[in-house]
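Colleague: Protein chains in written order, with the working numbering: chain A, 1 to 485; chain B, 1001 to 1221.
No lab work stands behind these hints, which were simulated from the structure alone. Among the clues, some could well be false.
Below, in silico cross-link-like pairs of lysine to any residue (SDA-like), each with a Cα-Cα straight-line distance of 20 angstroms or less [what the hints assert, rightly or not]:
no., chain 1, residue 1, chain 2, residue 2
1, A, Lys149, B, Asn1206
2, A, Lys209, B, Tyr1115
3, A, Lys209, B, Ile1117
4, A, Lys360, B, Lys1126
5, B, Lys1126, A, Ser202
6, A, Lys367, A, Val460
A quick note: this is a predicted structure, and the numbers were derived from the prediction, not measured.
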Amino acid sequence: MTFLFLLFPSLIAAALAAAIRRYRSLVGWVNALLSLIALGAAVKFADHAARGGGASVFGPGELLRADGLSALMMVCVAAVASLALFLSPGFGRESQYSPSQLRRYQFFINLFIFSMLLTVSANNVGVMWIAIEATTIFSAMLIPLTLTKPSVEASWKYILICSVGIALAFAGTVLGYFDFVSLSGRAENALNWPVLLASAPSLHPEVMKLAFVFLLVGYGTKAGIAPMHTWLPDAHSEAPTPLSAMMSGVLLAVALYAVLRWKVVVDATLGDGYTNKLLIALGLLSLVVASFSIVLSRNYKRMLAYSSIEHTGLMCIGLALGPLGVFAAMLHLVNHTAAKSMTFLLAGRVLHRYHTTQIKGVSGLLKTMPGTAGMLAAGLLATIGLPPFGLFISEFALIRAGFATGHPWLMGAVLILLAVAFVAIIGHLNRMLYGTPPEGVAVGEKGGRSLALLSLNVAVLVTLGLALPAPVETLLNQIVRIVSR
Amino acid sequence: MNGHDTLFAQLSTLGASVTLLFGVVLLWRRSLGAYIEAFRWQSLVLSAVFALVGYYGHDHELYIVAVALLALKVFIIPWYLKRLYQRVGGEREAQPYVNIATSLIVAGLLVMLAYAITRPLVMVSKLPTRGGIPLAVGLIFVGLFVIVSRRKALTQIVGFLVLENGIALLAALCTYGIHLIIELGVFLDVLMGFLVMQVIVYHIRNTFESIDVEQLNQLKH
Chain A
1 MTFLFLLFPS LIAAALAAAI RRYRSLVGWV NALLSLIALG AAVKFADHAA
51 RGGGASVFGP GELLRADGLS ALMMVCVAAV ASLALFLSPG FGRESQYSPS
101 QLRRYQFFIN LFIFSMLLTV SANNVGVMWI AIEATTIFSA MLIPLTLTKP
151 SVEASWKYIL ICSVGIALAF AGTVLGYFDF VSLSGRAENA LNWPVLLASA
201 PSLHPEVMKL AFVFLLVGYG TKAGIAPMHT WLPDAHSEAP TPLSAMMSGV
251 LLAVALYAVL RWKVVVDATL GDGYTNKLLI ALGLLSLVVA SFSIVLSRNY
301 KRMLAYSSIE HTGLMCIGLA LGPLGVFAAM LHLVNHTAAK SMTFLLAGRV
351 LHRYHTTQIK GVSGLLKTMP GTAGMLAAGL LATIGLPPFG LFISEFALIR
401 AGFATGHPWL MGAVLILLAV AFVAIIGHLN RMLYGTPPEG VAVGEKGGRS
451 LALLSLNVAV LVTLGLALPA PVETLLNQIV RIVSR
Chain B
1001 MNGHDTLFAQ LSTLGASVTL LFGVVLLWRR SLGAYIEAFR WQSLVLSAVF
1051 ALVGYYGHDH ELYIVAVALL ALKVFIIPWY LKRLYQRVGG EREAQPYVNI
1101 ATSLIVAGLL VMLAYAITRP LVMVSKLPTR GGIPLAVGLI FVGLFVIVSR
1151 RKALTQIVGF LVLENGIALL AALCTYGIHL IIELGVFLDV LMGFLVMQVI
1201 VYHIRNTFES IDVEQLNQLK H
């Protein structure tokens, strides 16, 4: 039942946007409030899981299923969705988008949210695939909203590369199913996670190895893992700001969720050595590519996008470091979601004022927008892993897990790369905060609502950084148990 | 029964080979019209393969899948493609990134690679259709190669559709297709993905005045 409260609000919101011909800001408000219902349902699932309740199922053939891992993802998606919807354009009288653009925006963004929520609640491997492809389709419709040359270029790369990736993931899904079929014949619920997992130990290792390669390359494309990441900086920097916040904040995490679910199945067949090696290799490559690209960045939105690639790489490595690593990686996921969504939304405010995404075009932020500047500094410092923000704790836990599982050189490399990104981002941040503002940029700001909402993110980050709340810890431990059975 | 099985095996391998050959046409010809025709014929053969598997595998759901595939990839999508081709202009793949002779050699190498990679699959499978599995994976690789080595956005779309055909062929040959609902959901996704790509190609044409993807290189550091 709670599943309906989770999934229907965004469908209703999209229908509302489609039905009301001439866009009114009422649509924006109603849709934002509807997203709160979904958030409530997600929190209910998380609460149920944290109290040790079993997985909830729903639907014909157990179509939907929510265990601890799904619940955590649902909360992340729903929270960022609400934040993005409340801070979407089209609430006030003036907006840089036309009414028809706003209507398209509300329609597709709510369908996008629906497909992400469906991905993490799907019990069936095929349904999860369909939902992830749907996220690509809906977000690709939104990236070229303003029809500028860069945004069209970005949307083309996005849809082509991600669709190819997802298609390869489907090939991997077929191969996984193939192994099951050649063993047990076609079964009714064969594509459901628990059924696959139960039969996994008797599947053929060679076939599952091939399947996992396809799946990692496929879903990894969507998660922004190098070397399939080339679409990411373009798409995340050219999309409308709330969409970028959601894409960097949760979509990458949802794709990584798909990889993780399959890892659990493949590990039951092969033991975790094989998948760990692949994840560490690609994770490290992502870190290298991202860190050096951050150094070379001239565009602050692209810098943030590369930072997302860096953190995805970190999470991949974390997932390959045993139970301690999985705990660190999932904690890092939550922290990164909070930090990155906030930073992108703040970057949107900067863009709105300065009309440029070039780092050298932005200076004197502390004078022109003190509130935004302060929070942007907090967001960026959080992203590079400074205490008292949560990412410091999760990165520390990850490094500890790495040493505990016998990867000292790997952790050394990770630390160096994190330091490179650290120095680079602080340098860019300094260039933007200080100095004299350029001509024609208004000074002073009054955006109370946005900053108030974003301070929630800061609160979450500080809480997770100072004292991990018990329910969160229980939930994360549950997830570790699910992943390392 | 054995006689039946051998005929089935031979027909399915034949179907898979023809499908692969139509895919290679994308590397051989230069006109976008030829690509669309090749895709249509490939999809026709593919739906015949699905019907064949449905008949010999005694799975009537596959007839529905075959019909849906026919409707979608032989009629609906090519119709949209032709319209797109007319509106976006008759540009030819004048200078692809990899020339034709090399492309064909690469295609051959890719099929050999596919045979090498799928050896475990063929050995594990007990189905009579297993001979065609390497060809399906070869088609997937050829589709990928088309996307990477061709310069016109429209060619890349057809390359993507050929890739999807390869995957559908793989599903037909190694698991006799997957559950009907999922298969239909996949078709829906492919259709919607295609429509979105179409929309974006129109955008490209309108903002860049050409569909040569070489010019989509403005976004750098």
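Colleague: If a hint holds in the structure, say so; if it doesn't, say that too.
Modeller: Evaluation of the provided hints:
no. : hint                 : result
1   : Lys149/A x Asn1206/B : holds (9 angstroms)
2   : Lys209/A x Tyr1115/B : holds (16 angstroms)
3   : Lys209/A x Ile1117/B : holds (11 angstroms)
4   : Lys360/A x Lys1126/B : violated (63 angstroms)
5   : Lys1126/B x Ser202/A : holds (16 angstroms)
6   : Lys367/A x Val460/A  : violated (27 angstroms)
Consistency note: the structure conflicts with the earlier hints numbered 4 and 6.
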